[in-house]
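Colleague: Single-letter residue listing:
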Amino acid sequence: MEEETEEELRTRTEKKVKKAAQLLFFRRHRVPGVKGWELKKALGDNYMEVIGVLNAALDKFGMEVKRISEEGEEKGESGEKTERDRFMIVLKNHLIEKASGARIDDVAMLSATLAYIISKQGKAPRKAVEDFLSAKFPKHRVFFALDRYIKQGYLGEDDKVLHIGWRTRAEVDRKTLLDLILAA
Amino acid sequence: MKSEELFQLINFCKTIQKEGTDPFDLNVKRYLETLKEYLKKWKSFDDLLIDAEAISELAKIIELQGKWIRDRSASFYIDPVLMELKLKMLEPAQLANAFFESWHPIISMDRITSKRLKEGLDYWNALLPFSERKEEFPPPSTLETAFDIEDLIDLNILSRTEFEDAIKEVSKELEERGRIEYHAFIYEDEFEDSVKKAYLTSYLVSEGKAQLDVNPLEEEVFISPSNANEEANTGDVKSIPISLSYEDWMRWKRKQKKN
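Chains D and F, in that order, give the protein sequences. Counting the first sequence from 1 gives a position; the numbering used here is that position plus 106. Counting the second sequence from 1 gives a position; the numbering used here is that position plus 154.
Do not rely on the hints blindly, as some may be mistaken.
PhoX-like cross-link-like pairs, simulated, lysine-lysine; straight-line CA separation at most 20 Å [to be verified]:
id	chain 1	residue 1	chain 2	residue 2
1	D	K226	F	K351
2	F	K221	F	K240
3	D	K226	F	K172
4	F	K168	D	K266
5	F	K242	D	K229
6	D	K226	F	K214
7	D	K245	F	K351
8	F	K168	D	K229
9	F	K351	D	K229
10	F	K407	F	K351
11	F	K407	D	K226
12	D	K245	D	K266
13	D	K266	F	K240
14	F	K214	D	K245
15	F	K221	D	K229
16	F	K242	D	K245
17	D	K198	D	K229
None of these hints come from the bench; they were simulated from the model. Bear in mind the structure is a predicted one, so any value in this text is a computation, not a measurement.
Chain D on its own, in the form it takes in the complex (with noise of 0.2 Å):
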């Protein structure tokens, strides 16, 4: 068998890194992202070195591809069930002003909840954070505004205990929220 060529290496894995990006880029179900095993299905078994190269190339552009698990927590590049794990692209800084077109009233709402609710260690009773928001907004505006959040994957639901969700989990830098909001 003919030995590779570094330029023909170079050439495959480029096409790889494109193919990678294809596929991170552009939505292929209603969450956003793809699963390590469709990684591995599409780039083959040394998918993890592919993602490597593309986030080498993204981090120039300000974003960078962004490893979940299924229970939600987020991983680097190594580690075990790599293949169950979700990948999304991010953007790594907050660097532009507006990336939303939510109502600054909506964004505090969700802002105070995560807040509320990472305090409380990851989740609370949906009437307390009800009733929490109620201070400050109409009931019928926080209710919706809950609902949501759920459907948007900011918050999930179990037997009315509102948890922090996937999205928050990939999106949202914890640490630096509760540290702003403790400094403001």
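Chain F: place on chain D using the hints.
Modeller: Quick look at chain F alone, frame taken from chain D:
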């Protein structure tokens, strides 16, 4: 330890897991020692099953205790009371800014590809006309009317006693206040309570215990308790729609504050 106590222990464990209260509220060591002590006394298979479930629930509590310690020692552990106080003090804009500065949004785009368009077209071509697929879309089981009180009672959303007490309370209030502008009567401090009162009031009117007096020119509606001597129902029944909007309620509330 009786089996009822075991059930209590299991329920306590489940409550801690569900509500996220402090898992150290439960003295695991003491319960494990008690379970060990009583293990020989269990006779029936069911007793042993409950015992096994209790052990399983205690194991989950131990797991939670581990997580609790990890969370507390994590760098982002904050006293919830302090956080709640801080959140109450901040303006919405400050909260929103904190969120934006800690937010790393997912970058994801939706784009239709020519391959997907082709699949869509193939699907369309293979699809039978709607007239031939009507059985796939059975007409919804429509309700002739909205939920009435009997439906709510059947669904255990409301109890009859609770409803009757609420009706009595509204009726008594109307009698005390006499003839009054409708909205002035139904508006409460909370919008939710105003809607509830409007619903209960409509029931009073339907039952003939209150009457509405509509002045279409002035766009005013007055409500008054029905005179017991009057004929309750003349047979001339009609519906009177009265709007109840959040904005109007807010205007009323602002006006109340000024007064």
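Colleague: So, for every hint listed, does it hold in this structure?
Modeller: How the hints compare with the structure:
1. D:K226 - F:K351: Given that 20 Å is the threshold and the Cα spacing comes to 36 Å, the pair is violated.
2. F:K221 - F:K240: violated (25 Å)
3. D:K226 - F:K172: holds (13 Å)
4. F:K168 - D:K266: Given that 20 Å is the threshold and the Cα spacing comes to 14 Å, the pair holds.
5. F:K242 - D:K229: Holds, because 19 Å separates the two Cα atoms, which is no more than 20 Å.
6. D:K226 - F:K214: holds (19 Å)
7. D:K245 - F:K351: holds (17 Å)
8. F:K168 - D:K229: holds (15 Å)
9. F:K351 - D:K229: Roughly 34 Å separates the two Cα atoms, so the pair is violated.
10. F:K407 - F:K351: holds (16 Å)
11. F:K407 - D:K226: Violated. K407 of chain F to K226 of chain D sits at ~34 Å, over the 20 Å cutoff.
12. D:K245 - D:K266: holds (17 Å)
13. D:K266 - F:K240: violated (25 Å)
14. F:K214 - D:K245: violated (35 Å)
15. F:K221 - D:K229: holds (13 Å)
16. F:K242 - D:K245: holds (16 Å)
17. D:K198 - D:K229: The given pair, whose Cα atoms are some 27 Å apart, is violated under the 20 Å limit.
The structure shown violates the earlier hints numbered 1, 2, 9, 11, 13, 14 and 17.
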